[in-house]
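Undergrad: Numbering (our numbering), first residue to last: 1 to 289.
One should not assume that every hint holds.
Cβ pair distances, simulated, as ranges [unchecked claim]:
#	residue 1	residue 2	range
1	Thr-225	Gln-87	20 to 28 Å
2	Ala-139	Val-42	23 to 31 Å
3	Phe-88	Lys-249	43 to 51 Å
4	Val-245	Asn-184	51 to 59 Å
5	Asn-242	Lys-222	19 to 27 Å
6	Asn-167	Met-102	23 to 31 Å
7	Lys-27	Thr-225	47 to 55 Å
DSS-like mimics (lysine-lysine), calculated; alpha carbons at most 25 Å apart, straight line [said to hold, decoys possible]:
#	residue 1	residue 2
8	Lys-103	Lys-114
9	Lys-47	Lys-230
10	Lys-55	Lys-103
11	Lys-47	Lys-115
12	Lys-177	Lys-142
13	Lys-276	Lys-249
14	Lys-222	Lys-276
15	Lys-222	Lys-275
16	Lys-232	Lys-276
17	Lys-177	Lys-230
18	Lys-153	Lys-47
19	Lys-55	Lys-44
20	Lys-230	Lys-4
21	Lys-153	Lys-114
22	Lys-222	Lys-179
23	Lys-238	Lys-276
24	Lys-142	Lys-153
25	Lys-283	Lys-123
26	Lys-117	Lys-51
27	Lys-44	Lys-179
28	Lys-238	Lys-254
29	Lys-115	Lys-153
30	Lys-232	Lys-283
31	Lys-44	Lys-27
32	Lys-177	Lys-4
33	Lys-179	Lys-238
Everything labelled a hint here was simulated from the structure, so no lab data went into it.
We put the CB at the ideal spot given by N, CA and C, even for glycine.
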Amino acid sequence: MIPKPIIIDISEWQDPQQINYDQLAAKIDGVIVRVQYGSNYVDKHYKTHIKEFQKRDVPAAVYAWVRGSSYADMEQEAQDFYQRVQQFDPAFWWLDVEEQSMKDMRGGCERYRKKLKNLGAEKVGVYVANHLYAQFNLATEKFDGVWLPTYGKNTGQYQGARPTTTNSYDIHQYTSKGKLSGYNGDLDLNQIVRRDLFYFFRQDHQIPDKENNKEVEGIEMKTITTTATKVKLRSSPKVGNNIIVALGKGTSIKINDIVFGDGFVWGVQPRNDGKKGYIDIGKSVDWVK
Numbered sequence: 001m002i003p004k005p006i007i008i009d010i011s012e013w014q015d016p017q018q019i020n021y022d023q024l025a026a027k028i029d030g031v032i033v034r035v036q037y038g039s040n041y042v043d044k045h046y047k048t049h050i051k052e053f054q055k056r057d058v059p060a061a062v063y064a065w066v067r068g069s070s071y072a073d074m075e076q077e078a079q080d081f082y083q084r085v086q087q088f089d090p091a092f093w094w095l096d097v098e099e100q101s102m103k104d105m106r107g108g109c110e111r112y113r114k115k116l117k118n119l120g121a122e123k124v125g126v127y128v129a130n131h132l133y134a135q136f137n138l139a140t141e142k143f144d145g146v147w148l149p150t151y152g153k154n155t156g157q158y159q160g161a162r163p164t165t166t167n168s169y170d171i172h173q174y175t176s177k178g179k180l181s182g183y184n185g186d187l188d189l190n191q192i193v194r195r196d197l198f199y200f201f202r203q204d205h206q207i208p209d210k211e212n213n214k215e216v217e218g219i220e221m222k223t224i225t226t227t228a229t230k231v232k233l234r235s236s237p238k239v240g241n242n243i244i245v246a247l248g249k250g251t252s253i254k255i256n257d258i259v260f261g262d263g264f265v266w267g268v269q270p271r272n273d274g275k276k277g278y279i280d281i282g283k284s285v286d287w288v289k
C-alpha cells in the first residue's frame, strides 16, 4: 500500500542522470529536496532536483541536515540554508535533526528556526529521528510542522507502523525503500497525517497570496455557476462600492484565476474591455487551514 498523496524526499543520492523526471513527476504530489549537510557541505544536485520538479508543476519543499555546534553556528546554518535556496521560493523549509551536534539541541534548533523565520521563510518544520525525539526535547510546538520516520519492516509499502514517541506529528516517513516509475533506485516515501497537501506544498502559480492579493497564474479557464439569489461581480477583490453587475441565481461565468482578498476567495473573470471582474467563491478560511 502506498498512501496518497505521495510525497518523496530526495538528495544527491538520487542522481539526476538516473531519473526520468517526466515519469517520476507524474507519480508524486510533492517533493522535499535536501540542500545542505551542515553549512559546509552543499548537496550536489539540489538545484537540478528543484528546477526539474518545479518545471513539471510538482511543488518543492527543502530540508537541511542540522549540524550547528553553538547558537551562533545554528544561526549561520540557517543563513546559509536560506541564501542557497530562497530563489526557488520553496513551499516549506525543514530542519533535519538526526545527530547531537551541541549540548542544548532544543535551544540551538530554536535559534535555527527563528533565524529562518526572520529571514523570510514562511513555514518552517522539523524532522527528528523517532529514537531521538524525547532526548532532544525540541520545542516542536513552535514549528509549523513535525515530520517523523518509522519504517516497520521497511518493505517499500506502508504496513501500519507508526512513530511511537509521540502522536503529535504531521508527516510520516514510512519507508526508505519505495519504488516509483521514473527511478530504479530506492526512494523515501512519506504520508501526510495531519493537515493537507495544500498546507505543506502551496505553490505561487497554483495558490494565491492572500496577503498581497497576487493572482494565480496558469489556471485553466473554468465555468462556474452562481447558486445564490444575487451575486455581485466586482471590479476589485474587495467588498464595497465596486459592483459591476449583480448576477442572478444560475448565471454561468468563466474564470481563469483566483485571488485572496478581504477575507474571501475571488474568481477572476477576464472581460472584453481588457479589465477584470471578481466574484466571491468562498471564505478564505475554508481554503487555507
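Undergrad: Could you run down the list of hints and mark each one as holding or not?
TA: Hints versus structure:
A hinted range of 20 to 28 Å is violated for the C-beta pair Thr-225 and Gln-87, which are about 41 Å apart. Checked against the hint of 23 to 31 Å, the C-beta distance between Ala-139 and Val-42 comes to roughly 27 Å, which is consistent with it. The given range of 43 to 51 Å is respected by Phe-88 and Lys-249, whose C-beta atoms sit roughly 44 Å from each other. In this structure the supplied range 51 to 59 Å holds for Val-245 paired with Asn-184, their Cβ-Cβ distance being about 57 Å.
Separation of Asn-242 from Lys-222 is about 23 Å and conforms to the stated range, judged on CB atoms against 19 to 27 Å. The supplied range of 23 to 31 Å is met by Asn-167 and Met-102, whose beta-carbon atoms lie about 28 Å from each other. The hint said 47 to 55 Å for the Cβ distance between Lys-27 and Thr-225, and at roughly 34 Å that hint is violated. Under the criterion of a C-alpha separation no larger than 25 Å, the hint pairing Lys-103 with Lys-114 is consistent with the structure, at around 19 Å.
Straight-line distance between C-alpha atoms of Lys-47 and Lys-230 comes to about 50 Å, which puts the hinted pair past the 25 Å bound. At roughly 41 Å between alpha-carbon atoms, Lys-55 and Lys-103 are farther apart than 25 Å, so this suggested pair is violated. Distance restraint check for Lys-47 and Lys-115: the Cα-Cα separation of roughly 23 Å lies within the 25 Å cut-off, and the hinted pair is therefore satisfied. Taken as a hint, the Lys-177 and Lys-142 pair is broken in the structure, with Cα atoms around 31 Å apart against an allowance of 25 Å.
For the hint linking Lys-276 to Lys-249, the alpha-carbon distance of about 21 Å falls within 25 Å, and the restraint holds. Annotation: proposed proximity of Lys-222 to Lys-276 holds, straight-line Cα distance about 15 Å (limit 25 Å). For the suggested pair Lys-222 and Lys-275, the alpha carbons sit about 18 Å apart, so the restraint of at most 25 Å is met. With a C-alpha separation of about 13 Å, the suggested pair Lys-232 and Lys-276 falls inside the 25 Å cut-off, and the hint holds.
For the hint pairing Lys-177 with Lys-230, the CA-to-CA distance comes to about 55 Å; that exceeds 25 Å, so the pair is violated. This hinted pair does not check out: Lys-153 and Lys-47 have alpha carbons roughly 33 Å apart, beyond 25 Å. Straight-line distance between C-alpha atoms of Lys-55 and Lys-44 comes to about 19 Å, which keeps the hinted pair within the 25 Å bound. With a C-alpha separation of about 39 Å, the suggested pair Lys-230 and Lys-4 falls outside the 25 Å cut-off, and the hint is violated.
Taken as a hint, the Lys-153 and Lys-114 pair is broken in the structure, with Cα atoms around 36 Å apart against an allowance of 25 Å. Our distance criterion of 25 Å between C-alpha atoms is broken by Lys-222 and Lys-179, whose separation comes to about 35 Å. Between the alpha carbons of Lys-238 and Lys-276 the distance comes to roughly 13 Å, so the proposed pair stays at or under 25 Å and holds. Annotation: proposed proximity of Lys-142 to Lys-153 is violated, straight-line Cα distance about 32 Å (limit 25 Å).
Restraint check: the Cα-Cα separation between Lys-283 and Lys-123 comes to about 22 Å, which is no more than 25 Å; the hinted pair holds. Under the criterion of a C-alpha separation no larger than 25 Å, the hint pairing Lys-117 with Lys-51 is consistent with the structure, at around 24 Å. For the hint linking Lys-44 to Lys-179, the alpha-carbon distance of about 23 Å falls within 25 Å, and the restraint holds. The hinted pair formed by Lys-238 and Lys-254 meets the criterion: a straight-line CA distance of about 19 Å does not exceed 25 Å.
Our distance criterion of 25 Å between C-alpha atoms is broken by Lys-115 and Lys-153, whose separation comes to about 38 Å. A distance of roughly 15 Å separates the Cα atoms of Lys-232 and Lys-283; the hinted pair therefore holds under the 25 Å criterion. With a CA separation close to 24 Å, the supplied pair Lys-44 and Lys-27 stays within the 25 Å bound. For the suggested pair Lys-177 and Lys-4, the alpha carbons sit about 17 Å apart, so the restraint of at most 25 Å is met.
Only pairs whose Cα atoms come within 25 Å are accepted, and Lys-179 paired with Lys-238 is rejected, the gap being roughly 47 Å.
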